[in-house]
Structure formats: structure tokens, C-alpha cells
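Asker: Take a look at the letters that make up each chain.
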Amino acid sequence: MRFDVIELDADNLIKVRRYHGSPRGRNGTVQEDAASAGEPDTILLVAWTDRTMRYEITLPGKAGRKETREILYHELSNFLPIEPENVQWFYRNDGEHRFQVCAVHRAEIERVLRTAAEHSLKFDRMIPAALAEAPEQALRTVATEPLPAEFRPVRFRRWKTAYVLLLLLLVAVLIPLLWGKYRRFSGEYQLLSGRREMLSAELRKQRSDYAALSAGREQLDAIRNAGIGWARVAPLLGTLSERLPASMWVTHLAVNGQVADLTVSSAEDDANLYKTIGDSDFHSIVSLKKNRGADNRILFSVKLKGKQIE
Amino acid sequence: MSERIKHWIPILPAVVLFCLAAWLVSLPNARLPFSGGILEKERSGIAASRAELEKLRKENRQLKEELFPLERMRNSALSLPPEKVRPALMERLERAAMESGMTIRSISDVQENPIASRVAAYTLNISAGCTINELEALLKSFSGDRPRLYWKSLRVRPSSPGTPELLQLDGQLSVLNFREEEDAS
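Protein chains in written order, with the numbering used here: chain Y, 1 to 310; chain F, 311 to 495.
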């Protein structure tokens, strides 16, 4: 990897060195490479600071990154002659659980950042010079607080510009496409809504008709239940007068609602009278009984059931 | 949020837009997301309305056919305020008796029997003597002229064994009165 180290000394003099090499492991080697061109992978600001304390802390065993940081902060708090909130601290792992910890007063940090701002310096990490005697050590040093965003270098500017332009182009293409689809959906939806509204209006009318007709049906049922509307007497008698032979005549008629009782008198027997009377549009025969009267006449008692014609 | 995820956030809009564009280009006839469901809901609503409408139309046609008798009854019935029904019924009965030539022996009071909403039957008992021809004329008059009179019960028998041509008629007559909708004004 390639990296730049901006050195800021006590007199605020700035010197930039470029290095390349492998930072992996604590024994990684880097070499100065002034001839290298192009953007570096990372930029470190190594600043000389006043009011700085450095300690070496050895942990008893291996711990996770978060736990290590918490232990180191706790140990540092014990060593510091001032409140730990007044310092910004950095550490470097030197291996075998040995850590170099450095605390810098916040006023010093602010001074360095002011100077960096004055010189428009852009860098990824600020490291106190007390912890970075060599560029490899500077690379391994960890800052526990994030750097303000305005000091960070802007990388891949062209790619970013191209990204934004392509994004805008994509949006410009997508909007008409989406709008077209929305118009299509909207037209279809309005058409269906119109049809549904029309059907709803027709449904309301049919329901209203149904209610009126149902009320009429209830009226008709009530009228029929009251015994009105059954077969009329005149057509019934007309049918009987057509069908009965001349030797027979009706001597008694009683109609009660749907049922009619007749007495037919005859001089002679007629075995086919049941069939002769039969059914018509106005009645159906229910029963027929035969008796012989005192004067030897045959009396047929006929029960008819009137059909509902109204 | 982890530092790794934070680095990917700036390209999220591009990924979303790219996916959208890929979808639009690869499926030009595809609908907008969720719009298919909305249209399908409308379509199913229309189908349900059509089915219900068809069912209602069929039921209404059937009911209309069933109600033809009611229409005939209505057309041949009275349509008067209640206080005018009794005189109209008496007048109708006397006219029929006079036309047929029969002799009415007795007529009872007219009874009002409400049947349904706005429909009432007015009933009276009648006793008369007649010949077969007079009876025929009377029956024809009852069923032919307006308002039509219905026999709820009827009994016809010879007046006496010695005079079979003379008939004794006892019956109960009804006339229907359909009251029209009262005008709110």
C-alpha cells in the first residue's frame, strides 16, 4: 500500500513524505518512495503535541478489541493526573499484550486541527508524534475518537461525479417510464371504477324493486290466506253443467274457501261419474260418495278443491 | 450501525434505481407494484356485483310473474278511503241484485278486516232467494263488474222440497279495498 505522512513539528512546519510497503503485522516494513505518483491509500497527520503523556501498559492476557480498549482506558484513567474527559487518547499494539498508550490534552488537539485547517490539510487519521517514531508505528496507531469530517480527503471525485450523473440520468429515464405505467393503471382503474359505479346504481334500483315486489308478494299471500282469490263459483258451476249428463242435477252446493261440497242427484247410477267430473282449470275432485235416497234416487256427494286462480 | 454497512449506504439509491430500471426494461408490460392487486380487487367487485345483479333480475322477473294476480285484484278492487267503502259495497250489491232480479232477504253489517298494509277486506253475510237463472246472472255480475265481489263461503240449496226451481242462497261476500299512498302534502 501507499501512504502519505504529513509531519507537523513544534514550529508548525509541514513536511510530507510518501511511503510504500506492507503494513500487515507488527514487523511489516515500509520504505520512503518520493517518486511514487497518484493518490495514496491513506494519509496520516503526525503532529508534535505539547501536554502529552505516554504510558506502556501490558495486559495479562488476550482480549477482544472492545474489551482491550475499555481496559486501556481504565488503566490510563488511573495514570492520568487530570480528568480523562480532558484528553484524547491513542494506542498502539506492540505485541505480546504490550500497548503504547498516549493521551493528549484536548486543547493541543484543537490547536493542531486549527493549524491543519489553516493549511487546508486533508488526512484520514491524526496521530501524536509521541507514538509515531517510525512510519510503521504511525500506521499501527489507533485513534479512539473519529476525525471531524471536514479534514477527511475526498477520494474518487471523478467516479463520484460520474455516479451522481448516472444516477440523475437513471432518474430522468425512470420518471417517464413510471409515469406512463401510472397513466395506464389510472386509466384502467377509472374504467373499472366507472363500471362498478354503474353496476352499483343498477343494483340499488334492483334491490329497491325487489323490496317493493316482496311487499307485494306479502300482500298477495295475506289476501290468499284470508280466503280470497280461490276458484270462482260461476266457472265451477259452468264446468259441471257441461260435464254432467242431463239426468243429473246439482241439488246442493256449499263453498267454503277452497273447498266445495256438492250433492248431485241422479235417477240412475253412473260408475264413471268420478272421471266425468274429473279436474278442470277451476277445480280438482277430491272424493265422491254414493248414497241411495228414499225415493230410490242416487245421491252423489262430491268434494272438490278449488284451484287458486288469483 | 456497523462501519461496514455505513460504507454501502451511499450506493443504496443506485441499487434501488438500477433494480427498478432493470425491472422496467425487462418487463415492459408489467404493472406498477401493488397496482395489480387494486385492479384485481375492482374486477372481483364487478364480478360479484354482476352475479348479484343477475340473481336479483331473475328473482324480480319471477316475482313480477307471481304478482300478476295481485295486479288483477288491484285493478278490480275498490280504492277508497275506509269511510266510503261500506256505502260503495252496499250500492254494488243492490245493483247486482236488481240486475239479476233476485230477492235479497237479509244483509248483515259490513265488517272491516285488515289483511295487509293498506289492504283490507270488507265482508258481509247475505241471504237471498232466487232461481237458477237469477243465480247465474248474480254470479256473473259479481265476478265481471268492478269492484269484484268474492265469495268467502256460499251455500245454495232448494228453498223447499216441493219447489226445486226456487233456490235458497246463503253466503259471505268480500270486497277488497286497496288504499292508495297518502299524499304527504
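Bear in mind the hints are in silico, worked out from the structure with no lab data behind them. Since we're looking at a predicted model, the values are computed, not measured. Yeah, the Cβ is synthetic: ideal placement off N, Cα and C, and Gly gets one too. Don't take every hint at face value.
[As the list claims (entries may be wrong)] Ranges of calculated distance between the beta carbons of each label pair, as one might list FRET restraints:
no., chain 1, residue 1, chain 2, residue 2, range
1, F, A332, Y, T58, 22 to 30 Å
2, Y, H119, F, V325, 56 to 64 Å
3, Y, L170, F, K351, 46 to 54 Å
4, F, S469, Y, R217, 25 to 33 Å
5, F, S437, Y, R217, 32 to 40 Å
6, Y, E70, F, R341, 20 to 28 Å
7, Y, R292, F, G472, 16 to 24 Å
8, Y, S247, F, R415, 27 to 35 Å
9, F, K351, Y, R217, 53 to 61 Å
10, Y, R111, F, S336, 53 to 61 Å
11, F, K450, Y, L299, 27 to 35 Å
[To be verified] Far from chain Y, by Cβ distances over 12 Å, these chain F residues were calculated:
no., residue
12, S418
13, A431
14, D480
Asker: Which hints from the list above does the structure break, by number from lowest to highest?
Answerer: Result: hints 1, 2, 3, 4, 6, 9, 13, 14 break, sorted rising.
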